[in-house]
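To convert, note that position 298 of the sequence shown is 390 in the working numbering; the numbers rise steadily by one, no gaps.
To be clear, the hints were calculated from the coordinates, so they are not data collected in a lab. It is possible that some hints are incorrect.
No more than 20 Å apart at the CA atoms, straight line, and that leaves these computed lysine to any residue pairs for SDA-like [as the list claims (entries may be wrong)]:
1. Lys427 - Leu408
2. Lys427 - Trp392
3. Lys427 - Thr395
4. Lys427 - Leu141
5. Lys427 - Val184
6. Lys427 - Ser380
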Amino acid sequence: MIGGIRIGRIFGIPVYLHPTWFLVFLLVTWALTARLQSEHADWSGAAQLLAASLTSALFFVSILLHELGHSVLAIRHRVPVRSITLFIFGGVALMEREPESSGAEFQIAIAGPIVSAMLALGFSGLTRVAGGNSLLGSLAGWLAFINTGVALFNLLPGYPLDGGRVLRAFLWAQTGDRDRATRVAAGAGQWMAYAFIAFGALEVFHGDIGGLWIAFIGWFLLSAATATMRQAAVDASLSRLRARDLMSEDVPRIPAEISVARFARDLVMRGRRWALVEHEDVPVGLISLTDVRRVPAEAWETTAVGQIATPIEAVLTAPLDSPVRDLLRTMATRKVNQIPILEGGRILGAVTREALVQAIEMSAGVS
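Could you put the whole structure together from the sequences, leaning on the hints where they help?
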């Protein structure tokens, strides 16, 4: 899940609030307020609402710290993290590629639950110090309970939960086959999701409307696990391919001085979607249809492509021996349709999204 309202950056990682976060914040606040009314009837209504609101806010701060745990370990293992998004089911750290080893996978996966467990211990200690009947003590008690639940839930051994990633790391280490480990962990995630859906439906049947939420969580886990199974099949079909296998040397190159209108007329009309921009035969940038759309149509004739092209130093490139499945994931996370291939300081060609799609279709046809 990507997007939402950007609220800042932590360690260089953009942090977003998905619109569904606000719904959950209100629901959690409402539920906690009702609970506090029965547990602390001597408190004023304002105090109950304040405690519930602070608990809800700090709950999501806890989720953010959980995701930062994953992210910090990912960065340590040279896995770029594109963003962290808080949404209806918690949070997700979007990573550009998979870890290179089972050990790295294990450390990245376990970091989140460890952070949640440490928060639970810290809040539990604060409850004892402040006293459970005080505002601070009650708030800390709930946060200790919630973070304990987050840690235990995420350790369930089914992908995409952290426990499923730990299971995948273990199987990967034992078999040396990451794709097989992924399929097994995702399969476990599917069975776990079915169990959640069945239990939730049973609760609703017995009159507990809260079962709908459990079933909804099961549906989300099932969707994610199924998508992972499909992705594992794609990864397996592309596992032996490298950038050099799909690279096209037919890279369109245009002078930086030509107008956007000419680029659109001469290249786009021929089916080209992008081109390298050169000045005196030296690449200085890359222009795509995305760049063109940012320019008002009436300014196309007077705007040079060099003015709107992405500077060459900011262009996403990859070496010749890059695994194709990493390029596929990078295109998805970076939202680009082509990746120039750089070797020895020279751009030799490019791998396009179309080439990747053709490779996947051919692999599916063969299998």
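Quiz item: Is Lys427 within 20 Å of Val184, Cα to Cα?
Solution: 18 Å, holds
Quiz item: Taking only the CA atoms, is the gap from Lys427 to Thr395 under or equal to 20 Å?
Solution: It is violated: about 25 Å lies between the C-alpha atoms, which goes past 20 Å.
Quiz item: Is the straight-line distance between the alpha-carbon of Lys427 and that of Leu408 20 Å or less?
Solution: 11 Å, holds
Quiz item: Does the structure keep Lys427 and Trp392 at a Cα separation of 20 Å or less?
Solution: The hint is violated at about 24 Å.
Practice problem: Mind checking the alpha carbons of Lys427 and Ser380 for me, to see if they're no more than 20 Å apart? | Solution: This hinted pair holds, its Cα atoms lying about 12 Å apart.
Quiz item: CA of Lys427 to CA of Leu141, is that 20 Å or under?
Solution: 42 Å, violated
The structure fails hints 2, 3 and 4 (numbered hints given earlier, in ascending order).
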